[in-house]
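> The primary structure of each chain is shown beneath.
Number of protein chains: 2
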Amino acid sequence: MKKSILAAGVALALGAGVASTAFAQVKPEILVKQRQAVMTLQGKYLGPIGAMLKGAAPYNADVVALNATFLENLARMPWDGFQASTEGVKSAAKPEIYKNMAKFKADADALEAATVKLGAAARARDEAGVKAAFGGVAKACGSCHDDFRVKQ
Amino acid sequence: MKKSILAAGVALALGAGVASTAFAQVKPEILVKQRQAVMTLQGKYLGPIGAMLKGAAPYNADVVALNATFLENLARMPWDGFQASTEGVKSAAKPEIYKNMAKFKADADALEAATVKLGAAARARDEAGVKAAFGGVAKACGSCHDDFRVKQ
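Just so you know, the sequences run in chain order A and B.
Numbering of the first sequence is given in my numbering, commencing with residue 5 and proceeding in unit increments.
Numbering of the second sequence is given in my numbering, commencing with residue 5 and proceeding in unit increments.
Hints listed in this document are in silico derivations from the structure and should not be mistaken for laboratory results.
Heads up, none of these hints are tricks.
Keeping only pairs whose Cα atoms sit at most 25 angstroms apart, straight-line, the calculated BS3-like set for lysine-lysine is:
(1) A:Lys155 <-> A:Lys98
(2) A:Lys143 <-> A:Lys98
(3) B:Lys37 <-> A:Lys94
(4) A:Lys98 <-> B:Lys37
(5) B:Lys155 <-> A:Lys37
(6) A:Lys94 <-> B:Lys94
(7) A:Lys31 <-> B:Lys37
(8) B:Lys58 <-> A:Lys31
Excised from the complex, chain A in its bound form (with noise of 0.2 angstroms):
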């Protein structure tokens, strides 16, 4: 009854990889920037929805699903700027990401599963279900960072 717009930019995102680096002739540097600007937009929003959580700000739940979904979007939006073009440049991105892509993948689908699952409770108005899905989000997170970035 529901289906969502954005469930299908989702759906599609799985299968989209590809196609969309097909275009790509797109340099090292800016493949770089652009996967390092996905990452601080995820601070941009994960960072209130945490601050909610610990009590640190009044819960917002309008506040919580906005940021929520534009997370469920982000969360699609790395990965194939993490190409081995990019290994020259300078970055957090450790070169184990390249050799064992397979676990990076793992690592990325679990990110976008778990922010499937804040969004639909974020915009569902469940603030207990918003808290569990958002420990789920931060271990996706720091999961592939032990792995793949460069202590920081």
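Based on these hints, arrange chain B on the given structure of chain A.
For chain B alone, coordinates are given in the frame of chain A:
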């Protein structure tokens, strides 16, 4: 019937601007980085649609639908980063923004509306509609950049 989750996000976005910045003891440098990240990603997802529409790449309706959905979300993300506190941070944003917030807000609204049309046409796999809506998006970008961005 098909009330979309994305549309819900959009409706919220129009009202949530103030709430979003309520948490924001965000440093001006971070605000600039975040809004520039949005612009970077708008370029990422506009570029391939533009290339397809001018025949430089084969038209792929699935990629267009995905990119347009991302753009519909991204178009809502930059505005809360334009705060007077950022005037001292080096960027291409002109100080005119903060002297003419009504015009800037109207330009922001125009981009949001144009990307809603683009997203709808793209998800309907309506290539002619995409072409028309893309023109509207490009016009909205240009109008705002003409007045409020330092010439590149």
